[in-house]
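Chemist: Listed below are the residues making up each chain.
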Amino acid sequence: MTRSQRSSPIIVMVLVAIGCGGGKPQEAAATTQESGPSAPAQAAQATAAAPPAARHGTATVRGTVHLSGTPPAQEKIKMDADPICQQQHATPVYSEEVVANATGALQNVFVYVKAGAAGPFPTPASPVTLEQQGCWYHPHVFGIQVDQPLAIVNSDATLHNINAKPTANQPFNVAQPVKGMKTTKKFAKPEVMVKFKCNVHPWMNAYAGVVDNPFFSVTGADGAFAITGLPAGTYVIEAWQEKYGVQSQTVSVADGDTKSIDFTLKSP
Amino acid sequence: MFGSCKALHPRLRVIRVGVFTLTLCTVAATTTSAGEPAPDLRAGAAAYTQSCARCHGATGRGDGLDAKRFYPRPRNLALGVYKFRSTASGTPPTDADLFRTITQGLPGTNMPDWPHLGEETRWQLVDYLKSLSPAFAQTAPVPVAVTSDPGPAHVKLSEGRALYEKLGCAACHGSAGRANGTSATGLMDDWGMPIRSADLTQGWSYRGGSDPRSVMLRILTGIDGAGMPSYAEAMTPQEAWPLAYYVASLQESVHWNMIAHPLRVQGALPTTPEDFRWAQAERTDVRLRNVVTPEGEWASPPTVKAVSFEAIDNGEAVAFRFSWDDPSQDREPPDAFALLLKPSGTQGDVVTLQAWPYTGAPALDLCRWSADTGKASETIAASFDGATGRAALTSTASYADGRWRLVLQRPRHPADPAGAATIVGDGYTSIAFAVWDGGNVRARAVSPWVEIALREKLRRHKP
Chain A
1 MTRSQRSSPI
11 IVMVLVAIGC
21 GGGKPQEAAA
31 TTQESGPSAP
41 AQAAQATAAA
51 PPAARHGTAT
61 VRGTVHLSGT
71 PPAQEKIKMD
81 ADPICQQQHA
91 TPVYSEEVVA
101 NATGALQNVF
111 VYVKAGAAGP
121 FPTPASPVTL
131 EQQGCWYHPH
141 VFGIQVDQPL
151 AIVNSDATLH
161 NINAKPTANQ
171 PFNVAQPVKG
181 MKTTKKFAKP
191 EVMVKFKCNV
201 HPWMNAYAGV
211 VDNPFFSVTG
221 ADGAFAITGL
231 PAGTYVIEAW
241 QEKYGVQSQT
251 VSVADGDTKS
261 IDFTLKSP
Chain B
1 MFGSCKALHP
11 RLRVIRVGVF
21 TLTLCTVAAT
31 TTSAGEPAPD
41 LRAGAAAYTQ
51 SCARCHGATG
61 RGDGLDAKRF
71 YPRPRNLALG
81 VYKFRSTASG
91 TPPTDADLFR
101 TITQGLPGTN
111 MPDWPHLGEE
121 TRWQLVDYLK
131 SLSPAFAQTA
141 PVPVAVTSDP
151 GPAHVKLSEG
161 RALYEKLGCA
171 ACHGSAGRAN
181 GTSATGLMDD
191 WGMPIRSADL
201 TQGWSYRGGS
211 DPRSVMLRIL
221 TGIDGAGMPS
231 YAEAMTPQEA
241 WPLAYYVASL
251 QESVHWNMIA
261 HPLRVQGALP
271 TTPEDFRWAQ
281 AERTDVRLRN
291 VVTPEGEWAS
301 PPTVKAVSFE
311 AIDNGEAVAF
321 RFSWDDPSQD
331 REPPDAFALL
341 LKPSGTQGDV
351 VTLQAWPYTG
361 APALDLCRWS
371 ADTGKASETI
381 AASFDGATGR
391 AALTSTASYA
401 DGRWRLVLQR
411 PRHPADPAGA
421 ATIVGDGYTS
431 IAFAVWDGGN
441 VRARAVSPWV
451 EIALREKLRR
461 HKP
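So the protein sequences, as listed, match chains A and B. The first sequence begins at 1 in our numbering and counts up one residue at a time. The second sequence begins at 1 in our numbering and counts up one residue at a time.
Extracted from the complex, chain A is given alone in its bound form (with noise of 0.2 Å):
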């Protein structure tokens, strides 16, 4: 901790049990041991005081997400390298990159409020699960609030790293060699995205939407998503896609409107 830790020949002792824990910024995100072998014993950090009464509304911004162009073709994934995968695999898995179905729609989308949602809003204290299952991320695309637990979860019988790179928020990047190992990470602060991938089977990739409001959806295999319990307001609603970017629209909604937007992304 302090420079002083250069000395080597350590004569003389003395422990001092004192709490060394404040005197600088500290952002490290909050890390429990669920399972796993062994874990050492290691104190849940508080939660913070209860946050203002959540401000949920009545209105729903619901709408598709399409791709104008033709959608590249998905590569095959091999995953020979490791047979652990391998096996876990009786017909080909392909890169989740871009799926669109037989109509352009487009699978895995990120789409949220991304400005006038007036928090501050109530932070889930149920996780959201990322799965490692059959060397592949469960899901790929996800939405968590600011500061909601994600449970990391391997269930392979075989070593994954999870090396999530942030820019806004701080990085890790820890092992799970033996199945059914969970990690519980926290974001601080809100980015989209936050890319999460494993070094030892370069194919897997995830991407996590972490929001300050809890104003968004994923889209499905029909391209669709639903953003519902929104106040009435004016928002600007914004479509991520993992190879065609953003692109936003704003829309405004009254007690119990159901308004639809569509996002058109071009294949170039």
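No lab work stands behind these hints, which were simulated from the structure alone. Hints are supplied without guarantee of correctness; some may be wrong.
Said to hold, decoys possible - Okay, the calculated bits of chain A under chain B, using three or more residues with CB under 8 Å as the criterion:
id, segment
1, 153 to 163
2, 170 to 176
3, 192 to 204
Each residue gets a CB set at the ideal place from its N, CA and C atoms; glycine is no exception.
With the hints as your guide, set chain B onto chain A.
Modeler: Same frame as chain A, now just chain B:
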């Protein structure tokens, strides 16, 4: 807290153990330092400009004059991502971590050690480096929980071996530690540069130190920016020690000799890598340098980084056993090896193989073995390419778990090819090596010249 700890004593160590934070205030008897100097960013900046900027760049972005030729690249200090820490993955290093890296350098890279700068200057550099990145102001270092070293007598290497298997270390580092795991190829660092996992048998290449404590810290903290993840949540601090000792036990002792002495035997020379007499011969290790490609060394991280050899002679011929780690056994394009000598009458003409062959370069005596044919032959040639040998040489090679072993026999005075080098009986004969990894074709590795000295003269002077 830092203030209060300092008030107790200038020499402190903070270790987190479980839910407790303990401060170990220590007194070091042998250090002569008067403690850390007050930050002096102007002095730090001046020292940086003089000693660091050439590689790390004027503003610390890792874009100095020589940066593109280096593997690994000089660190972009503006990002605040540091590989060698005592802190949790994602948190910055401690001042002591930075001081250690400056003082000891990073073995196996172009980062030298800087003890000659003086302690005060090194601390000023630490403060200056921290000023280059907002990471230090945003996030405090979080030291990983560590336990004291149980010492080699109190760890079971078998426990370490079991952990090595259970924790998946072999996925990248290989079951014998030779960097030949199934995930070892195609690794990229966070800056998009290709990287290779460490060959754990090569203790001299461990960037952050090869002693068990350094290894233990790499396991628990991970190597941020590279692929190595933190195992702090996958094991207890106590478990890290047997694993660290096991990894350290994979390191082979090396002998960086400039002069190699062959073992003299009577009669037939060994023809196989398994011959018992190799164990009696002196081992010599030679570091290899990658020949820089137009893209720079980083475009193809070196896979073959050293060659070790033993030599046995019987007065008529010399048998060499060469060993080198290569993560893949390749036939197309083939793995290959060349023993080079200086043809008769050309001593000193080719100073370094890194530049050879160049336009108008003198020819060299090339004894080349290739994995596709499994054969070796000798020729005199002015380039590696198209050097088809004329004189066949006796050779045997084997490949197992990331390591080639090649036995090559060569007469001391070959009749063929014309102009072939003589391995002299009295004095020194220069030899050098070139190694090709077929799985990494752009990365040809070459050695400096080393000398072999037969013992004839020595024997003659004996009564």
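Chemist: Hint by hint, note whether the structure agrees.
Modeler: Here is what the structure says about each hint:
Interface restraint, the segment 153 to 163 of chain A with chain B: holds (5 residues with C-beta to C-beta distance below 8 Å; minimum three). Counting residues of the segment 170 to 176 of chain A whose CB lies closer than 8 Å to any CB of chain B gives 7, which reaches the minimum of 3, so the coverage claim holds. Beta-carbon proximity to chain B at under 8 Å applies to 4 residues in the segment 192 to 204 of chain A; the threshold of 3 is reached and the given coverage holds.
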